[in-house]
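Quick note, the sequences are listed as chains C and E, same order.
Numbering that gives the first Met the number 0 applies: residue 0 is where the first sequence begins, and numbers increase by one.
Numbering that gives the first Met the number 0 applies: residue 0 is where the second sequence begins, and numbers increase by one.
Hints listed in this document are in silico derivations from the structure and should not be mistaken for laboratory results.
A virtual CB, placed ideally from N, CA and C, is assigned to each residue, including glycine.
Heads up, a few of these hints could be off.
Said to hold, decoys possible - Facing chain C, according to a computed beta carbon distance under 8 Å, are these residues of chain E, among others:
no.	residue
1	58
2	61
3	199
4	203
5	272
6	333
Chain by chain, the residues run as shown.
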Amino acid sequence: MDKIFEKPESIREKETHYCPGCGHGIVHRVICEVVDDLGIREKLIGIAPVGCAVIAYDYWNFDVTEAAHGRVPAVATGIKRSLPDRIVFGYQGDGDLGAIGTAEIIHAANRGENITIIFVNNTVYGMTGGQMAPTTLLKQKTATTPAGREQKMHGFPLKVCELLSVLPGVVYAERVTAHSPQNILKAKKAIKKAFENQIKGLGFSIVEVLSPCPTYLGLSPQDAVKWVGEELTKEYPLKIFKDIT
Amino acid sequence: MAKKVLMCGNEALAEAAIIAGCRFYAGYPITPQNEIPAYMSKRMPEAGGVFIQSESELAAINMVFGSSLTGARAMTSSSSPGISLKQEGISYLAACELPAVIVNIMRGGPGLGNIAPSQSDYFQAVKGGGHGDYRQIVIAPASVQEMADLTMLSFDLADKYRMPVMILGDGILGQMMEPVEFKAETKPGIKKDWILDGCKGRKPRIIKSLILNESELEKFNLKLQKRYKEIKDKEQRCEVLYGDDSDIMLVAYGTPSRICRSVVEKLRKKGKKVGMIRPITLWPFPEDAFKKLAKKIKSFLVVEMSCGQMIEDVKLAIDCARPAHFYGRTGGEIPGEDDIIKEIENING
Numbered sequence: 000m001d002k003i004f005e006k007p008e009s010i011r012e013k014e015t016h017y018c019p020g021c022g023h024g025i026v027h028r029v030i031c032e033v034v035d036d037l038g039i040r041e042k043l044i045g046i047a048p049v050g051c052a053v054i055a056y057d058y059w060n061f062d063v064t065e066a067a068h069g070r071v072p073a074v075a076t077g078i079k080r081s082l083p084d085r086i087v088f089g090y091q092g093d094g095d096l097g098a099i100g101t102a103e104i105i106h107a108a109n110r111g112e113n114i115t116i117i118f119v120n121n122t123v124y125g126m127t128g129g130q131m132a133p134t135t136l137l138k139q140k141t142a143t144t145p146a147g148r149e150q151k152m153h154g155f156p157l158k159v160c161e162l163l164s165v166l167p168g169v170v171y172a173e174r175v176t177a178h179s180p181q182n183i184l185k186a187k188k189a190i191k192k193a194f195e196n197q198i199k200g201l202g203f204s205i206v207e208v209l210s211p212c213p214t215y216l217g218l219s220p221q222d223a224v225k226w227v228g229e230e231l232t233k234e235y236p237l238k239i240f241k242d243i244t
Numbered sequence: 000m001a002k003k004v005l006m007c008g009n010e011a012l013a014e015a016a017i018i019a020g021c022r023f024y025a026g027y028p029i030t031p032q033n034e035i036p037a038y039m040s041k042r043m044p045e046a047g048g049v050f051i052q053s054e055s056e057l058a059a060i061n062m063v064f065g066s067s068l069t070g071a072r073a074m075t076s077s078s079s080p081g082i083s084l085k086q087e088g089i090s091y092l093a094a095c096e097l098p099a100v101i102v103n104i105m106r107g108g109p110g111l112g113n114i115a116p117s118q119s120d121y122f123q124a125v126k127g128g129g130h131g132d133y134r135q136i137v138i139a140p141a142s143v144q145e146m147a148d149l150t151m152l153s154f155d156l157a158d159k160y161r162m163p164v165m166i167l168g169d170g171i172l173g174q175m176m177e178p179v180e181f182k183a184e185t186k187p188g189i190k191k192d193w194i195l196d197g198c199k200g201r202k203p204r205i206i207k208s209l210i211l212n213e214s215e216l217e218k219f220n221l222k223l224q225k226r227y228k229e230i231k232d233k234e235q236r237c238e239v240l241y242g243d244d245s246d247i248m249l250v251a252y253g254t255p256s257r258i259c260r261s262v263v264e265k266l267r268k269k270g271k272k273v274g275m276i277r278p279i280t281l282w283p284f285p286e287d288a289f290k291k292l293a294k295k296i297k298s299f300l301v302v303e304m305s306c307g308q309m310i311e312d313v314k315l316a317i318d319c320a321r322p323a324h325f326y327g328r329t330g331g332e333i334p335g336e337d338d339i340i341k342e343i344e345n346i347n348g
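Only chain C is shown next, with the shape it has when bound in the complex (with noise of 0.2 Å):
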């Protein structure tokens, strides 16, 4: 009988740590599936992130650093200027990329670093108990916006991947959904899409993956999956933003 479904190798034998119907797992996943399609599995360098996924390298089955709160562009930097050959990726959520690590990933974009950034929007700060994020919608209840968030006091969700794409040394900008299978197949072509850029030297990619956090949305899984294809696309619409390559 032919295999076709298996863990790929990218992946280590692991119990989950995250919440049921929480996305990370599946953006994980779709990471190593493209690492193992690519064959890079043996000279790829991830960084995680200050977030939920920091021990992401507990799942990943490759070399993996750490960066200090929203620095990984910057990490990333340094290790793909040192290494120009190797395949580096930085793996960084809402709070992460588009609050305390602004600077560093507008100039690592700006740069046109040959690196490849996974972003993955859920909305809330999950590992610290469900804070605001830069990405919060508006009226969205959240530990620190008991009222729902008020523009006048909490500014407008951040619109990362609308931002970037204007930077000249952005090649590749792209919003998906990792919400129902047909999305997260899109997803998984995004993410190849992005790393292939690297493999080809073109510059910096970036794919914005928006992801179910059931937990700090106070909903169900199930309805935690709706609301991010129904209502969070409506603020955050996948399309390709940019792509020159």
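Please arrange chain E on chain C, whose structure you already have, making use of the hints.
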């Protein structure tokens, strides 16, 4: 023999870093250390290395973190306010056991202060400016020649002990020009079997600082402490002038040590029993030399370009067995020879 060239301290330091095999530099402009990134921007590409003018000090130190974990010899430099920003990264370097050289060409503080020379970052440098139970080796050059020689030593120490090393200079040492002779290029002798460069032919490696389990983090911290103890035992460095027949010892590092040297020579000509101890490693502090001196010297006069920081380590080192007096200037002012001589006369009565 290499020929002597006339260079400013910052450039001599940068050239020595290249000779020591440094192939990655990231930094952000700030006075009075700007000659370092300017020199690196020219020399690094010639040497086949990487120069990046980063968007911030935070980015620079984290770029150094990334480069260091690939096994490269990596360096960043700044001056006081910028060094405050680097503290986060230094803590992570220490926690991840990554070697790196960080240069602080100190200026007047606190806050934005001014761009004049100062030594007011001593506490930050030797007591651990970032968070957590960690140490960094702190090296204090006092001449352009030492800016070169001690930079080469700093890279060796960083690799040997897998930790950050800070070169603590001041605006005068960075800016002034003196003849300097560079040592021959050294090949880093230490094999780095811990780097991340892709897991081809070996098991994947992880470089991280998160240790959630309490007993594991305690165990790790105690491992670091053991290494720090070894460094304290082996790496104390200082220069002692007239240690055997002085009544009073001046204590100074960096620029004030040059002024104190003149004072010592002047007073010696007049038959006064004055000497000097000049710490070269500020951490580990040269406690052993101080302990020996405390047995025969009547008193110490600590001279700093600060309101009194190193004097605390002097008192600790001699266990307050002898009086330790202080004379300091701050805000970019420099202690004068006459002022120091007056202080000595006051102490001697």
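Structure-based check of all given hints:
The interface hint given for residue 58 of chain E holds, since its Cβ lies 4 Å from the closest Cβ of chain C, which is under the 8 Å cut-off. Interface hint status for residue 61 of chain E: upheld, as the beta-carbon distance to the closest one in chain C is roughly 4 Å, under 8 Å. Nearest Cβ of chain C to the Cβ of residue 199 of chain E: about 4 Å, under the 8 Å cut. The hint holds. About 5 Å separates the beta-carbon of residue 203 of chain E from the nearest beta-carbon of chain C, less than 8 Å, and the hint is met.
Hint status for residue 272 of chain E relative to chain C: violated, with the closest Cβ pair at about 52 Å, above 8 Å. Interface hint status for residue 333 of chain E: violated, as the beta-carbon distance to the closest one in chain C is roughly 36 Å, over 8 Å.
In this structure, the hints that do not hold are numbers 5, 6, in rising order.
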